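Q: Listed in order, the protein sequences are those of chains A and B. Taking the numbering used here, the leading residue of the first sequence gets 1, the next gets one more, and so forth. Taking the numbering used here, the leading residue of the second sequence gets 139, the next gets one more, and so forth.
One or more of the hints may lead you astray.
Footprint (simulated), chain B over chain A, 3 or more residues, beta carbon under 8 Å [stated by the list, open to error]:
(1) 70–76
(2) 113–120
Label-pair restraints from in silico Cβ distances [to be verified]:
(3) A:A46 / B:K272: 32 to 40 Å
(4) B:K155 / A:P107: 16 to 24 Å
(5) B:R238 / A:R31: 26 to 34 Å
By construction, these hints were calculated from the structure, which means they are not laboratory data. As the structure is a prediction and not an experimental result, all values here were calculated from the model. Ideal Cβ placement from N, Cα and C applies to all residues, glycine included.
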Amino acid sequence: VNVCWPYLTARYSPQGASMSISGGATAPYLRISTETVPEAIVLHVAGEVDLANVTMLSNAIAEAYWTNERVIVDLSRLDYLDGAGVHILERFAQRHRRRFVVVGSEPGVRRVLEVLGVIEALPVKDSLEAAREYLRLL
Amino acid sequence: MRILQFASDSHPYSLRKARRRVHSALLQAGLSIEVARDMEVAVGEALANVHQHAYDGGAGPVSVTVFRSDGGLTAEVNDNGRATAAPLVPSVPPPSTDIRGRGLYMMGRLVDDVAICLNPAGHGLTVRMTTRLKDAA
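The shape of chain B in the complex, shown without the other chains (with noise of 0.2 Å):
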């Protein structure tokens, strides 16, 4: 089941409306406050990784889907940057001196699953982000 789709740009005055409409669409499907919060901070980070690095700091296009399954929620944000392979989530937090890889360790503390994709095209990435729900209906 779809709970929301659009298109937006990664300009920086973007990320937060971006943001909340995954926050607000997630509180409307009767998901918890926590999840759609941890969700937003997800998501948010993934929109600030493809300003950073998708468009080298430019507002390129990108594009949010959130979809619910059996048992788990799913937010994908899904870019056409110059990326051509998809980066490792870290598994420990970059040290305070290294700016890099802090949004993509906190997405992985954040939901259950992260996968980024190299898109079918040879460049840009799709992020998937899934949290199990465990008292899905």
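Okay, chain A solo, but in the shape it has when bound (with noise of 0.2 Å):
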């Protein structure tokens, strides 16, 4: 059983010409900076993370690690996160335990941390100064 059946979308058909085509590319939006503060170097993350830009994050995160021992990932700016987003935050946090820490309030990114289930194990933590001291307390 075709559970699609009847399709909305009108496919490359004639009819289907009508269709506003929405153009190509825009480029990466996604800006890091970086401050240090005594528990570790932070990272904050403003516009919007996807598979256009998910690598400048990761080399972002790692270079990081080249410099300070712990990383505070702050994503309080930042708009949107996929799913491959997320990923990469969990590898880094796998490979970097109790050194690792996110600052996840913004509404939308915090909805996608949820529904993956990583907040515990990323950690997740509501402000950079509750990241901050989960650092200091380990």
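Using the hints, put the two chains back together into the complex; each one sits in its own frame.
A: So, in structure tokens, the structure goes:
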């Protein structure tokens, strides 16, 4: 049984030609700045993380570990995080257990982290202060 | 009632614009910010899968339709890619070591129903995601 029948989407048919075309590329929309606090190096990540720029985030975190053994990834100014972005964070969290923490207070980003069930595992804290405290108490 | 329909491509740089279009069309149609955001993320993951799987990391054609019907909101993402069978939507999150399946799992959590169908042509997929609207007009 084809549960998608009838299709809503006009495909590449003559009628489809009347569809508006969403014109191509826009540059990766991601800004990462760093700050050093006594407990860690902080990466302030702003913009949107998706397939277009997820390697930028990955490289920035890897570089941060060259200069400091603890990293806080601050996503409080991030507007969008996709599943590939969460996967990168999970990988760093595994590799650097107890030396990695995420700040995730923005509601949309928080929602994605909750949906994937990684709040405890990363871990994710509500504020930069809470993240710093987490590292201090370890 | 059709809210939005457009054709795009699956280049990573095109994903943002496509999902933003869905988000703003839903807000314009009077839907809540939570519904708009969840559907934007679900469509975003569907588009990312089209890039990664349907066109093997390339840029191929994809179309998006958003439709409102009795008590529900539906978004459909259609590709013309290489798939010849529809994948299953996982009900548990994939392990952190596994890069695949995260998007499908997210879609299943963000909307009430995800149907994935092989297109009548014998290849390419249609992902149909439906959310029930509690106080539908």
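Q: Hint by hint, note whether the structure agrees.
A: Verification of the supplied hints:
1. Counting residues of the stretch 70–76 of chain A whose beta-carbon sits less than 8 Å from any beta-carbon of chain B gives 0, not enough to reach three: the coverage restraint is violated.
2. For the stretch 113–120 of chain A, the proposed coverage by chain B is satisfied: 4 residues have a C-beta within less than 8 Å of a C-beta in that chain, meeting the threshold of three.
3. For A:A46 paired with B:K272, a C-beta distance near 33 Å keeps the hint of 32 to 40 Å intact.
4. One distance hint, 16 to 24 Å for the beta-carbon pair B:K155 and A:P107, holds here, with the actual separation near 22 Å.
5. Distance hint for B:R238 and A:R31: a CB-CB separation of about 29 Å, consistent with the stated range 26 to 34 Å.
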